[in-house]
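Kindly produce the complete structure, drawing on both the sequences and the hints.
For the sequence shown, the residue numbers in the numbering used here are 386 to 775.
Among the hints, erroneous ones may be present.
Under the rule of at most 25 Å between Cα atoms (straight-line distance), these lysine to any residue pairs were calculated in the SDA-like manner [to be verified]:
(1) Lys689 - Gln502
(2) Lys753 - Asp496
(3) Lys626 - Glu562
(4) Lys632 - Glu651
Honestly, the hints are just simulated from the structure, not real lab data.
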Amino acid sequence: VVPVAGAAGATRAGRSVVESLLPGTKAGSELRAARGVQEASADIPASVKAIRERPEDVLPGRATEDPNLQALEARVLADDPKLGRRVEEGLEVAETKALTELAESFGPGTDKKAWQQEVILQGTPEEASIKIGQPDEMLTEAAAAFGTAYKEAEGFPIMMTRTPAGEGLQRPVSVAEQITRAIDDVDVLTTPEIQTRVAKRIQGRLTKLEKSGETVTTAQGTETVVQSDELLSLRSAIRTKRSALEKTAALNSDNAEEAQLLRNVEQVLTRVLEGQLPPDAVTALRATDVRYSQFKIAEGAINKSPTGDLTPENLRKALKQKVSPGRFARGETGELGRLAETGRDVAKFLGKPEEIKKITRNMTPEQKQTVKADLRIAVSNKSTRVVKGE
Numbered sequence: 386v387v388p389v390a391g392a393a394g395a396t397r398a399g400r401s402v403v404e405s406l407l408p409g410t411k412a413g414s415e416l417r418a419a420r421g422v423q424e425a426s427a428d429i430p431a432s433v434k435a436i437r438e439r440p441e442d443v444l445p446g447r448a449t450e451d452p453n454l455q456a457l458e459a460r461v462l463a464d465d466p467k468l469g470r471r472v473e474e475g476l477e478v479a480e481t482k483a484l485t486e487l488a489e490s491f492g493p494g495t496d497k498k499a500w501q502q503e504v505i506l507q508g509t510p511e512e513a514s515i516k517i518g519q520p521d522e523m524l525t526e527a528a529a530a531f532g533t534a535y536k537e538a539e540g541f542p543i544m545m546t547r548t549p550a551g552e553g554l555q556r557p558v559s560v561a562e563q564i565t566r567a568i569d570d571v572d573v574l575t576t577p578e579i580q581t582r583v584a585k586r587i588q589g590r591l592t593k594l595e596k597s598g599e600t601v602t603t604a605q606g607t608e609t610v611v612q613s614d615e616l617l618s619l620r621s622a623i624r625t626k627r628s629a630l631e632k633t634a635a636l637n638s639d640n641a642e643e644a645q646l647l648r649n650v651e652q653v654l655t656r657v658l659e660g661q662l663p664p665d666a667v668t669a670l671r672a673t674d675v676r677y678s679q680f681k682i683a684e685g686a687i688n689k690s691p692t693g694d695l696t697p698e699n700l701r702k703a704l705k706q707k708v709s710p711g712r713f714a715r716g717e718t719g720e721l722g723r724l725a726e727t728g729r730d731v732a733k734f735l736g737k738p739e740e741i742k743k744i745t746r747n748m749t750p751e752q753k754q755t756v757k758a759d760l761r762i763a764v765s766n767k768s769t770r771v772v773k774g775e
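If you want it as structure tokens, here you go:
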């Protein structure tokens, strides 16, 4: 409500407010503005403090929330459109500045490069580190780190015709025979030509490996013994070939089928190693293999991007391919699943609290704090665009 005043009173009030809006000095502004609210305010020191601490270009009436002074300010601005425009422009600058400062106070939120590095680190051997860079560069660094990651599983004898653990006194099944069965897998829809190509490649390497091994006599007959290093090396070569095929699997179905058969062979070699290595070596092998499986998910996410980028959306797609539908629906996707959620554009979920609860359900407190910062920054950015009229 604008108070009714006499002409002289209105003129004096107008001069007082204009002096407050366009001060000659900061100190003068504070005194004149404080004097203008003295009669209406029950707490004079609080009014002075509010005026002194107000952001630049914010009117004293707004700073003190004094209705009488706000009414006078509104009246003066209505009588002088030019002054009103200047005040509105100043207020817009002040609000934008305040919103920017507010956003900066929320914390760092999600940094894309740091997020990408954290994803790839999940698929890097524990003792290794990688520099922040382009996703493909970081992935190459991570892949190279696996070259020395299996040392604790090296240097142990592996019998190439050893009966797999748990099969008791059954006839020994050679590694070569197990690999043949894996390549002939009826669950992989492929052609005999592709199966033959894979078999030739693997059996050739296997024959060389067995020839370089040591022949020993056991209760079951003559055995060929090789070092675990050799099987690990063969498995590594298969992984490298499989990765190359998977990069072009979407364009060539033959490559996808060959990659699946190589995955079967890789699993055979893993079972052979786990069945014969000492317990401590098996533990170390499995721990590094878990890291490698995370690496493959990150690699799959990058391969899904035509530009080689690593995004939360593609990470979610890669996880969906590797994790069972039930586990994926329940959010049981481990650290990579949590990272896929923290990296999402949370601005899409403003006003959708149930969605926010869903994506943060399995996050650590630190990850939830990052999402909270992202949400606040999104609100701030939206408000800034409104103030700017965008």
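To see whether the hints hold, each was checked on the structure:
no.	hint	verdict
1	Lys689 - Gln502	18 Å, holds
2	Lys753 - Asp496	15 Å, holds
3	Lys626 - Glu562	21 Å, holds
4	Lys632 - Glu651	18 Å, holds
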